[in-house]
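Participant: We have chain D; now place chain S with the ligands onto it with these hints.
Protein chains in written order, with our numbering: chain D, 1 to 154; chain S, 1 to 410.
Because the hints were derived from the structure by calculation, they are not lab data.
For every residue, glycine included, the Cβ atom is placed at its ideal position computed from N, Cα and C.
Please note that a few of the clues may not be correct.
[As the list claims (entries may be wrong)] Computed footprint of chain S on chain D; a stretch qualifies when at least three of its residues, placed anywhere within it, have a C-beta under 8 Å from a C-beta of chain S:
hint: 1; region: 5 to 14
hint: 2; region: 124 to 130
[To be verified] So these bits of chain S aren't anywhere near chain D, every CB distance computed over 12 Å:
hint: 3; residue: Val-57
hint: 4; residue: Asn-181
hint: 5; residue: Val-202
Read off the chains here:
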Amino acid sequence: MKVSVLYGTETGNAEMLADDIRSALCGKHDINCINLADLDPGALSSETFHVFVCSTYGDGELPASAKPFAEELARTGDGLSGIQFAVFGLGDAEYAETFTHGSLKLAELLKSCGATQVGERMTHDASGDCLPEDVAVPWISEILNQFPVHSKEM
Amino acid sequence: MSGQIAIVGAGPSGCYLAQALLKLAPDLKVDLIDALPVPFGLTRYGVAADHQGTKAVTRQFARTFERQGARFFGNVRVGRDLSLAQISSAYDATVLAAGLSSDRPLDIPGGDLPQVYGSARLTRALNEHPDAVTLPDLGAHPVILGNGNVAVDLLRILCKNPAEFDGSDLGPGPTAWLAANNIETITIVGRSPAAKAKFDPVMVRELRKLENIHVTMDEPESSSAPEEQKKLQALHDLNGHGTGSVRVNFRFGIQPLAVEGDSRVTGLRVAAVESEEIIGATSLITAIGFMSDGDLNRDTLITKAAPQQGGKLDERLYSAGWFRHGPRGTIPQSRADAQDTAALILSELTIDPARMGATIFAELPDCTDYLGWQQIDRVEQGQSLPGRCRQKITSTKKLINVAKQRGQNL
Ligand SMILES: Cc1cc2nc3c(=O)[nH]c(=O)nc-3n(C[C@H](O)[C@H](O)[C@H](O)COP(=O)(O)OP(=O)(O)OC[C@H]3O[C@@H](n4cnc5c(N)ncnc54)[C@H](O)[C@@H]3O)c2cc1C
Ligand SMILES: Cc1cc2nc3c(=O)[nH]c(=O)nc-3n(C[C@H](O)[C@H](O)[C@H](O)COP(=O)(O)O)c2cc1C
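Only chain S is shown next, with the shape it has when bound in the complex:
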């Protein structure tokens, strides 16, 4: 009899954890459960369409299912379709790797105006997540609030011309939306000074390839710390770049005070170094972090447990990835983490043959499996338009229908 492990969430941290567990103990039964009918989490629905190289990690995840024997149970939302208690009692160990999928609200006056859009909402729509709402009209002067890689992803995508998406999986809807926008300026606003901005220098360097933009900023200060120097150098090299039609202005070290406007956003009031000012805006995109969507009671679970080694929350209950650490950390970090967590789980595992395991999914009529995903993958790649490597199926219902035709030659 081998142990049975449930991983809730089939994003990078869940997949890496399955990979690590099965490498250490190939006899384990490792089941990945996801609310979506398809696996891979933010690798499919967060990582930018024009960064296909990063998405290549899904080849490793595919092997975890195809060669290491991990199983996929899709379209099962834990906390709604099944409770955490049900999962937990069916498995010898359960790992919560459900990520953080909601936008952190902008907690200043006016932060709830209709033209304030969270980056999760926007990146979901750009990536054709099945639960995405339609892409909004950003107007001529969007302001991006935040200085992390997600903010730079959004900036880059909004500034690219259609040809710069060749080879990506950007869908026809988002492609048309980008082509139709009438953006004249984008201001990107960060709270911290340039040297402490969270984005990687390489993300800033990439902006120098864009043809459509003209970049301005106050010449950033200097620093003696090597990591900070790299960032400042990248910004310095970007300053003045391009003669394109979209003017991009970087602002650092300013505190947002309020969103201006009665029923529509007209600006962002900020405290700059010496004075207050209003940055004119037709919309505000917040890239200031993510939080739990509430299906799993993360706050209670995490606070109660805080902070245990290897992501342990309770007896037979563990956490991984963004669910464990908060919305920080990249794909490589989830891999390093997975190896520690896997070792801890195995060192504590006690096997109870009476546990039901995957039979608890038998009652769920629309549960999808890995063969279903392979069918979806084939169809999506097969129907890609010129200049694209994939055309995603965008509705949950269609995804499930295609998954049910698993193994058939469509």
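With the rest of the complex left out, here is chain D:
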């Protein structure tokens, strides 16, 4: 299946995780990574499964590289019916009140534009003990396993 890992980042941790997801899944899926800063919402396709990996900044806001994408999406308002996605949030539990709200807001926005969220939103705490890839890879593998066909050709 075609999979796009789309990352929103400021210090690059989400990009690194997106790379890790790609490396872990590249034998099984036709997978690529794109910075949300380089993506127009109009380019999302129902042929592709989208995995959003997104950190949080400010007071629970989106990271810089995701902002233009989200603004454009909010402006157009709909048009994502048929789009399927999953969301992984990076954050820091030190920011208790807004922990991973960036990814939460992004998921809400995508849904409000008609896209369908698959699986639970998963999160990672930068000040915790585990590595983001150890949480994210099993999570996304499980989600992608739900699809009937996962050969490269689809």
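Facilitator: What follows is chain S with the ligands alone, placed relative to chain D:
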């Protein structure tokens, strides 16, 4: 033959630049040179011990060395161990990413009294930088001068009780020092009005988690600018917080005039909105910016070049990070910057196979490398005390000795 690039300074801006260069051109030889035997600059020695999440960016920097092939030459101070000219002639391009490590002096009468401590000096000591001097006795009434994130970092750390450092890498020395202090009040003084204070709202919000403090301030004014509103809201929410033993008073819009005291600091004389007053103080912590330590002639280099796109200073010479911009800007900003600078360098690079590259370090006996850092990292994590994620090795000599045992199972 691939190009050879020297980056002086292995802090965030140097590391991000190496990452960006090697992403664009994986065949390059990118060498990071640092005065310290260990990499990562202020991520290791500035970012607060209780913000381990922020320090997680070093995982990316590690990959730049481990997977992208950047090399580390530690314990090489450019301007002392080797000259900039030597580096520059050995490489096709050189980037100065040496940061700004000295405290800007407090330029008012009394600013040189012994109990006036710069934040660089204090944060180095709290972070167990190998060149740090001992932590001073701040007395019962320290005043923090400055309204940036560094000032708030210091305020937070001084107010935390020992349990609030669980999971951090705060060392045994600083931990004992914090536990033994007898601080009763901390006044934090900013020149600008509250709405223009430089700290991020999220830093102010974090203070509301502290148990030890009782916060007071004059209710801040209002503003119509969204960014300012957030800051003012955060301050408003903090006002009155806590019933702890340390009283924290925020003061805005006041101009420091002089440090009071003959041989010891007794207060800070300030011009408030309407009148002059003296804020009683046993010590003064200045968080008012940083400057170059003088090993590299920054002023000459920067003024001569001012201001060129992409950090260019001269033919084959570039700058990045705090060295380029002054002591402003966060880790994310150094990343964004690095991508522009990398593109510029590559667009201008001319490769001369006759340049010596890293062989110029061969003569330096105590030069450390990345394997040495990995050894230090293992030892530091392995010897961490309960409640801590790391115990830093604090002397240059020991760091070098451990680095030399690289690759061994200690
Ligand atoms: C106390 C403090 C706390 C901070 N907290 C945060 C935070 O929480 N989040 C955030 O985003 N930003 C924070 N910052 C800002 C952040 O640290 C800077 O944006 C960033 O470190 C700038 O990177 P740099 O690489 O330019 O400089 P530095 O990190 O200072 O790195 C410079 C490197 O150059 C080396 N060097 C210096 N002189 C020489 C020489 N002559 N020869 C060879 N090497 C040399 C130094 O040893 C050092 O390793 C903080 C800053 C301070 C001071
Ligand atoms: C200034 C600042 C503000 C932050 N605010 C939040 C926040 O509100 N909530 C949260 O969960 N994480 C917050 N974080 C933590 C980041 O989301 C976390 O460090 C993440 O790993 C960064 O990923 P990135 O490198 O992809 O940007 C903040 C970090 C910084 C430096």
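Participant: Hints numbered earlier in the text: which of these fail when held up against the supplied structure?
Facilitator: 3, 5
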